[in-house]
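Undergrad: These are the residues of each chain, in order.
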Amino acid sequence: MVARFMSLKEAVASCVKDGDTISMEGFTHLIPHAAGHEIIRQGIKNLTLVRMTPDVIYDQLIGAGCAKKLIFSWGGNPGVGSLHRLRDAYEKSWPTKLEIEEHSHAAMANAYDAGAAGLPCAVFKGYRGAELPRVNPNIKFIECPFTGESLAAVPAIRPDVTVVHAQKANKKGDVLFEGIVGVQKEAVLAAKKSIITVEEIVDDFGDISPNAVMLPNWAVTAIVEVPGGAHPSYAQGYYKRDNAFYKAWDPIARDRETFQAWLEEHVINGGPEDFAAKREANKG
Amino acid sequence: MVEYTPTEMMTVSAARALKNDDVCFVGIGMPSAACNLARLTHAPDITLIYESGTIGTKPDVLPLSIGDGELCETAVNTVAVPEMFRYWLQGGKISVGFLGAAQLDKYGNINTTVIGDYDNPKVRLPGGGGAPEIATSCGEVFLVMKQSKRGFVEKIDFVTSLGHGKGGNDRASYGVDTKGPSRLITDLCIMEPHPEGKQFVVTSIHPGVTREEIIENTGWDVEFADEVAETAIPSEKELQVLRELHARTAKAHGDQQ
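From first to last, the protein sequence lines are chains A and B.
Numbering of the first sequence is given in the working numbering, commencing with residue 300 and proceeding in unit increments.
Numbering of the second sequence is given in the working numbering, commencing with residue 3 and proceeding in unit increments.
For reference, chain A alone in the conformation it holds in the complex (with noise of 0.2 Å):
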């Protein structure tokens, strides 16, 4: 099956269903927000959450009540503060209940590169000497069957769907990478299914090297256009960060007031079409 090109609530509402565990990556760079916002509008619930480090992108969906679990290894606003929606949710269980399971990066990025890789678990040198073993039972140790040598390991990710956020696919459904590409390779080799969207859908490539990321249409379930979807993150290339919003987000965070208020007014009454402007603005 070769990837469909689609909109984005035909992409949202084929693949992710209530209940489902979902990876949505990309280290600060490329972050699906546009994605984010639609599984917020199809009412999704009692998902299970995966990524390395759920910042702005999972305080909305935690707030917005369409998580019951997330796995994840730092959570926080980088450079600002703490995620006021996920520690709402955590530890007020508002709007519903939120279980964690918390990894190190390491840890992380092994489980996905073994998901991609069809193991069972990540095996490697980790948590030597740390507590989380100890509060979280998915992380255990093994013996080396060669050197005796104690090793950590963590059940591969295996999530039902991956999306991601790429700088372009061509006519054929291949999606190309570029700069910090993080952990999305592995996340969407991980998965059952994945989303991808995209600042544009080009003819050809052009002049790439033969070594840029690059998933074939054969590994990607969905791709959806949507120039500027992961604003406030960045797509190299094409726009910045937004650094001025991931700051403005603490304030609108902090209460629930202001951040239904603001839920409302640009995720459930909004589109990803919206997405193009914050491009425009944030070039430079």
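Please note that the accuracy of each hint is not assured.
Stated by the list, open to error - Under the rule of at most 25 Å between Cα atoms (straight-line distance), these lysine to aspartate or glutamate pairs were calculated in the DMTMM-like manner: (1) B:Lys253 - A:Asp541; (2) A:Lys396 - B:Asp121; (3) A:Lys546 - B:Glu75; (4) B:Lys181 - A:Glu448; (5) A:Lys439 - B:Glu85; (6) B:Lys253 - A:Asp549; (7) A:Lys577 - B:Glu75; (8) B:Lys95 - A:Glu448; (9) A:Lys539 - B:Glu75; (10) A:Lys582 - B:Glu75; (11) A:Lys539 - B:Glu246; (12) B:Lys124 - A:Asp549.
Please keep in mind that the hints were generated in silico from the structure rather than gathered at the bench.
Go by the hints and put chain B onto chain A.
TA: Same frame as chain A, now just chain B:
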């Protein structure tokens, strides 16, 4: 007379700890300022690595997040995050990890997870991120943190990342063969681990700071080395470069509204 703040003294002292041939894994916040100050002064060839996968990056402004575009655009190369953690960090290619903390004990064990109980925390912090493995896989670890009784405690609430464990050879008992925290730079002084016990000992005091101030701002019984040095004040060049870096950063992060 050169004027400077305690934070500037701390950042300058932290930068001086780095060498031109170091390969340094940079934590966000205070370490990032110190590492880039080193690069812009005495260590122009230093390799700075951020966990977003950027290797040999030379940002003109400090990143707000560890994955800002500036880091990738100025890097020698950018690799995927699994490669960063598996080959470069776990593979032992990095000489220094530079970390901050929310809570720290006298053995350099770090808490960035929770204040209070894990299941019912008083304050939920962002979590470990890359730190648990940075702390054990880098050749050595430098720590930079403002000194306070709340942050420098006898017992941390959660061991996010291993330092010297319970002291002595405890670190090695976890199968860790790297050096661990070898320097702690604060806004008051510099501490280094005791050669045997591994508890932090004050080895250099910043000019104008008293021993009493250090004791008042530390939650454990402070030990002073037999010979305590006075930290050299920041040079005009160091201060100028640091202030210009902060000014460029503020402009870059504030002018997009």
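Undergrad: Verify the proposed pairing of Lys546 (chain A) with Glu75 (chain B), using a straight-line Cα cut of 25 Å.
TA: Satisfied, since the Cα-Cα distance of roughly 23 Å is no more than 25 Å.
Undergrad: Regarding the pair Lys181 (chain B) and Glu448 (chain A), is the alpha-carbon distance no greater than 25 Å?
TA: Judged against 25 Å, a Cα distance of about 19 Å means the pair holds.
Undergrad: Hey, Lys396 (chain A) versus Asp121 (chain B), does the alpha-carbon distance stay inside 25 Å?
TA: Holds. Lys396 (chain A) to Asp121 (chain B) sits at ~14 Å (cutoff 25 Å).
Undergrad: Sort out whether Asp549 (chain A) lies within 25 Å of Lys253 (chain B), counting only the CA atoms.
TA: It holds: about 20 Å lies between the C-alpha atoms, which stays within 25 Å.
Undergrad: Compare the distance between the alpha carbons of Lys95 (chain B) and Glu448 (chain A) with 25 Å, and conclude whether the hinted pair is satisfied.
TA: holds (20 Å)
Undergrad: If you draw a straight line from the CA of Lys253 (chain B) to the CA of Asp541 (chain A), is it 25 Å or shorter?
TA: It holds: about 13 Å lies between the C-alpha atoms, which stays within 25 Å.
Undergrad: Is the Cα-Cα distance between Lys577 (chain A) and Glu75 (chain B) 25 Å or less?
TA: Holds. Lys577 (chain A) to Glu75 (chain B) sits at ~22 Å (cutoff 25 Å).
Undergrad: Is the straight-line distance between the alpha-carbon of Lys539 (chain A) and that of Glu246 (chain B) 25 Å or less?
TA: holds (22 Å)
Undergrad: Between Lys582 (chain A) and Glu75 (chain B), does the CA-CA distance stay at or below 25 Å?
TA: Since the Cα atoms of Lys582 (chain A) and Glu75 (chain B) sit roughly 15 Å apart, the hinted pair holds (cutoff 25 Å).
Undergrad: Taking only the CA atoms, is the gap from Lys539 (chain A) to Glu75 (chain B) under or equal to 25 Å?
TA: The hint holds at about 12 Å.
Undergrad: Decide if the proposed pair is consistent with the structure: Lys439 (chain A) and Glu85 (chain B), CA atoms, cutoff 25 Å inclusive.
TA: Holds - the C-alpha atoms of Glu85 (chain B) and Lys439 (chain A) are around 22 Å apart, at most 25 Å.
Undergrad: With a cut-off of 25 Å on the C-alpha distance, tell me whether Lys124 (chain B) and Asp549 (chain A) pass.
TA: Holds, at about 20 Å.
Checked against the numbered hints listed earlier, the structure breaks none of them; every hint is satisfied.
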